[in-house]
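Asks: The task is simple: from the sequences and hints, build the whole structure.
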Amino acid sequence: MEYLYYPGCSLESSGRAYDESLRAVFSALGVRLKELPDWNCCGATIYMSVAEAASVAISARNLAIAERNGCRDVVAPCSACYTVLLKTNRFLKEGRDLKTKVDRLLSQAGLSYNLTVNVRHPLDVLVNDIGVEVIALSAKHSLEGIHFAPYYGCQIVRPERGFDDSEFPVAMDRLFERLGAKPVYFPLKTRCCGGMLMTTFPEVALHLVDELLGCSVENGASCIVTTCPMCQVNLEAYQKRVNMEFRRNYRVPVLFFTQLLGMALGCSDAALGLERNFEPLAQAAGAGRRS
Amino acid sequence: MPQAALVPGLLPPGEAHLRKRFLEQASLVPGGDRISRCLQCGTCTGSCPVSYAMDISPRQVIALFRAGQMEEIFRSRTIWICASCYMCTTRCPQGIKITDLLYSLKRTAIEAGLYPGRFPAYRLSQAFVSNVNRYGRNHEILLLIRYYLWRRPWELIRMAPLGWKMLRKGRVTLWPRKIRGVRDIRSILRAASELRLPVSREAVEYGPEMVGYKAVG
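Here the protein sequences come in this chain order: A and B. 0 is the number of the first residue of the first sequence in numbering that gives the first Met the number 0; add one for each residue after it. 0 is the number of the first residue of the second sequence in numbering that gives the first Met the number 0; add one for each residue after it.
Zero decoy hints are in this set.
Straight-line alpha carbon distances no greater than 16 Å define the calculated EDC-like cross-link-like pairs of lysine to aspartate or glutamate that follow:
#1 A:K139 with A:D268
#2 A:K100 with B:E193
#3 B:K177 with A:E11
#4 B:K168 with A:D268
#5 A:K33 with A:E1
#6 A:K92 with A:E159
#7 B:K177 with A:D37
#8 A:K33 with A:E66
#9 B:K168 with A:E278
#10 A:K100 with B:E23
#11 B:K164 with A:E274
#12 B:K168 with A:E11
#13 B:K164 with A:E278
#14 B:K168 with A:E274
Calculated from the structure, these hints are not laboratory results.
Replies: Structure representation (structure tokens):
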């Protein structure tokens, strides 16, 4: 199996561990990832609020390049990229005026896009293409003893009808349950972390992060497992600030789901970028390696 | 103008203009016309994780649009505080694309120059868009430095320890790298600016279907 891989800007810097662990996990499972040549920013949620047709065209450039490479599935791990690329596909399918406009813009850059590319999230690929049972067969360690809060964030399940429920997804819960870990009760699993509000309205975003951390700790989670680079930064890097602001003392490790999966598949800590996390998964990691 | 405000179905020219621009923007969103189906049930406001911090709730945004008070929407911080989590869109019983409509409102506000002064969200968007236009990719550090320098330089000092920690963990790229196809981006943008319709400030024709409860059908 081979997929085209669209890392996205965050995975080049603050989410580097996501990039590393994703590549490690896929190669451990024998699935090839080929990076999309010369990809550009998808525009995230921000570009759309400034210019409509241009933002759709810029994100469609990536899909056009994928199409030219004869690819059917593009894997986009970042939630914002995933949702923007999906949305681009839908807008071009449903909005006829927009499609004409965007076609014209793309043709200026010598590109064309005929809506033949599927946008996939790695969690979707792992659970639905590769399969939980196949992953369980390749697992080298049990994740027993790890109690995790499965945090999906908003944009991989909304607004598009994706691969899982838009309010109570279970793909990650099932995957790690099969590998021995225990998902704790976590009703805020698709609640917003604030995203870029951490920069523009920190007082609002800090409050959201505080709620998420509180909910995970109260329900006995030893770590939060997430699928999104923005959520990971907000929950991990701003923990200290939340502690100061709201007089808490949270020390919750926040992992990418590919990091936890890589631990089960026997990838090395360095390959999973575990040393890039602020808070090590101390006791739980010990439990993971015991078997 | 005072008479216009008293006559039902009649709008002051500025208002009618804003309305028209917004409806144009909204028509680009597939399903954007569903705004007329709103029941005012408030599910959007109840589902919104940040509505407590808004001065006008998402439900009120639609109510104000119907009442012909677009300017009040643009003067509020509501549209800028939305974090795009799409919970309202998912839950809306009438299938209204609320998040996408808020984007349309943002675009209209930027176009009309109507956003609260010294407003953070707009500046962040500007810094982001110029990053993407120049390099083809976003560069996190450049984005944050640019934004904070303009908005609250003292925050940069507060952020320094965190920045240092991220740097030590290898989670910062110092220099932006241009993609090879940055020329593609340029030509897309150039073509986009040619496509944009000129904004006229004249009086706008408006049909009764644009106003009040007639808009509900």
